[in-house]
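Chains as they are written, first to last, in our numbering: chain A, 1 to 110; chain B, 1 to 115.
A couple of the hints might just be wrong.
Stated by the list, open to error - Keeping only pairs whose Cα atoms sit at most 25 Å apart, straight-line, the calculated PhoX-like set for lysine-lysine is:
#1 A/3 with B/78
#2 A/52 with B/78
#3 A/97 with B/78
#4 A/97 with A/69
#5 B/78 with B/24
#6 A/3 with A/52
Hints listed in this document are in silico derivations from the structure and should not be mistaken for laboratory results.
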Amino acid sequence: DAKTTQPTSMDCAEGRAANLPCNHSTISGNEYVYWYRQIHSQGPQYIIHGLKNNETNEMASLIITEDRKSSTLILPHATLRDTAVYYCIVSGDNTDKLIFGTGTRLQVFP
Amino acid sequence: DAGVIQSPRHEVTEMGQEVTLRCKPISGHNSLFWYRQTMMRGLELLIYFNNNVPIDDSGMPEDRFSAKMPNASFSTLKIQPSEPRDSAVYFCASSYRTSGHNEQFFGPGTRLTVL
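With the rest of the complex left out, here is chain A (with noise of 0.2 Å):
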């Protein structure tokens, strides 16, 4: 599965839009663009995923480049409760796995 890099930590002030962006240049043809969450001492949470298109949920938009070498997941209106690590995760449709790396620590302030 191809590689992530994400920003360590972000900061993000209640109420506006949160960017997370996630670089994965060596992405494949076939592999889907996964965030998951994880809030404090909880388990991983999945938030949305795409391939090539945009994608929105009620949670959050998923903006992929047409290159798709790198994407970005968008918390329309931030809250406190949104603060979190979010990970950016690449996986083939051939695999059930899902490797997690050291994610995007949002520090969400009032």
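Fit chain B to the known structure of chain A by using the hints.
What follows is chain B alone, placed relative to chain A:
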């Protein structure tokens, strides 16, 4: 559904003792995963099962670790003998795998401390 259930939530044991962690996946899910999380190594996949069959155990650190899934509703991860370096949070996750969708549901974890 109650989600993925893990027991115990906390376990404190002494070096050399056997430890058994338990997991009940979400009903209807066909894949089950065991992960370990430490500050040093992050979140690591230890082993996963598909339809109760172990598919990939390449993440199991050594022979002291073993995992079983005797039926679709129960799995165990056993450490024998336990060592202080096994102290970690162990997560179980389950999923119903479909093409193009790999959403895993995680349990609350078992915090293991080996003294």
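ask   = Are the Cα atoms of residue 97 of chain A and residue 69 of chain A separated by 25 Å or less?
value = Roughly 20 Å separates the two Cα atoms, so the pair holds.
ask   = Quick one, are residue 78 of chain B and residue 24 of chain B close enough, alpha carbons at most 25 Å?
value = At roughly 15 Å apart (the allowed maximum being 25 Å), residue 24 of chain B and residue 78 of chain B satisfy the hint.
key: Restraint check for residue 3 of chain A with residue 52 of chain A, where alpha carbons must lie at most 25 Å apart   = Holds: residue 3 of chain A and residue 52 of chain A sit about 17 Å apart, inside 25 Å.
ask   = Between residue 3 of chain A and residue 78 of chain B, is the straight-line Cα distance small enough, at 25 Å or below?
value = Judged against 25 Å, a Cα distance of about 31 Å means the pair is violated.
Pairwise hint evaluation, residue 78 of chain B against residue 97 of chain A, where the allowed Cα distance is 25 Å at most = Holds. Residue 97 of chain A to residue 78 of chain B sits at ~21 Å (cutoff 25 Å).
request  = Verify the proposed pairing of residue 52 of chain A with residue 78 of chain B, using a straight-line Cα cut of 25 Å.
outcome  = 41 Å, violated
Going through the hint list in order, the structure does not satisfy hints 1, 2.
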